[in-house]
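Please take these sequences and the hints and turn them into a complete structure.
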Amino acid sequence: MEQVQLWLAAFFTICIYSMVLYKDNKLFRFAEIVMVSITAANEIVLTFHNYIKPAVTVDIVRDKKVWLLIPIILGLFMYSRFFRSIEWLARFPMAFFLGVGAAYVLTKTPAIFFTQIQATFLSLNTINNILFVIGVITVVVYFFFTVPREGTFIKGASETGRIFLLIAFGASFGNTVMSRISVLLGRLQFLLRDFLKIA
Amino acid sequence: MNIWERLGNLDHRIYYVILIIVVGIPVLKPLGLPIKVGQPAQDFFDTVDRLPEGGKVLVFINYRTDCIVEMDPQLICIFKHVAQKNGKVIMVSGVDEGAMVSQAVASKVAEELELEYGVDWINLGYKPGGDVFMKKMVDDFWEACAYVDINGQPLDEFPIMHGFNSLAKADLVLNLVAVVPSPGERLLQMAIIPTKVPYAVGTTAIQATSEMVFYSSGQYQGLLAGLRGAAEYEFLLEEPGDAIAGMDSQSFAHILVIVLIVLGNLGYFLGEKKREG
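So the sequences go chain by chain: A and B.
Taking my numbering, the leading residue of the first sequence gets 1, the next gets one more, and so forth.
Taking my numbering, the leading residue of the second sequence gets 1, the next gets one more, and so forth.
If you're looking for bench data, these hints aren't it; they were derived computationally from the structure.
A quick note: this is a predicted structure, and the numbers were derived from the prediction, not measured.
Cβ atoms here follow ideal geometry from the backbone N, Cα and C, with glycine treated the same way.
Some hints here could point you the wrong way.
[Stated by the list, open to error] Short derived list, chain A residues pointing at chain B, Cβ under 8 Å: (1) S18; (2) A111; (3) A119; (4) I163; (5) I167; (6) A168; (7) S172; (8) S182; (9) G186.
[Unchecked claim] Below 30 Å or equal to it, Euclidean Cα-Cα: the simulated DSSO-like pairs (lysine-lysine) are: (10) A:K108 with B:K56; (11) B:K56 with B:K136; (12) B:K196 with B:K169; (13) A:K108 with A:K65; (14) A:K53 with B:K108; (15) B:K169 with A:K53; (16) B:K36 with A:K108; (17) B:K56 with A:K53; (18) B:K108 with B:K36; (19) B:K169 with A:K65; (20) B:K36 with A:K65; (21) A:K108 with B:K80; (22) B:K169 with B:K80; (23) A:K197 with B:K108; (24) A:K53 with B:K136.
In structure tokens form, the structure reads like this:
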């Protein structure tokens, strides 16, 4: 069984890489479709067996928490969109999600946001701290659109903010390269070490 | 056509082949390049190291198969480190594939460390619900997890779960994050700020820049960034593994990317000069 697993993994790895090393082809498409289908099926099965079934068995059937049927019914309303005559029912769960979502964001986000603002109040006693504070202020100025970018101070601060942003994008790009290389590395480790056993 | 124009018009597949060779050679013959530990990884290590003897660590798995190279070594290190402190690991996944991915890794490392399932560690599997699930973990952990582990076994059968009825009971929460929007930030909002449980995050390199703001502001007590972070953790634990082995390939690939960027820019500017001339 383990051998079949190894061969399948190697086959699909090569199928996917055939896209970049050769060109778009049927094997790549096949691997892509298999991947998407398995992922979708996996989520449905796991959600049912690992969550819905035990929750219904314990909460509703055993503990008789019948009020839990209300969210289930609201959830089922979402599927009414497939039937034109009753599609309006989907508005109830959507309204609920929007209301709860907005309230949650308004109550929970400030705690994070204010801590981050607070973290920028640094003593200017190290080069790192000075750079940090200058970076925050100038980037905020860069995104300050209500005042025209005229005058030496605003223009200079805005340009400095742009430089800080470019440096941040550079760092982000470097990290992206690192992540992508890791993915390739993983597949090569698998092919050379686990499959071909030459490493 | 001069050399710069030829390089500019080179078939992109040649670059991919060069990249595969550059990444593959250190896999076949590791060089053992030195590793320097950064402050975020050191803080992550120290946060786990402060775990009280026998303490419980809730590890939130939020990564899929595409990120196993960066994230699995982080999970392995966490298991080894917690085991050194005689701690317990409770894993739960917020993404579908995360449950099975983490189970494969955890079973292997638990067998190696002789940890008993249900006593020293447990995998509660995939629990949907996102933010609602995170909030529910604080109010009633068992209900949030639908009372079962990954195999559908009732939680009351496992000694590790006895008395663990809220996320607030955890001595430490670790979140391995490789999806967007970041479950690192959302767990912070929903559960960590209200309960004030020590909290650290491991993530992929690609997501490190967006997670770094939470570390810099002190909201994450430590941060592991990608394979590099995992390699630093392995180094601190003195348990060299796949991450340290993979850093040679990373370093070579980065040199290649830098060379290509320099060549690309040289080609662009020299080509422009020629056009102007």
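Non-conforming hints, listed in increasing numerical order: As far as the earlier hints go, 1, 4, 5, 16, 20, 21 are violated by this structure, in ascending order.
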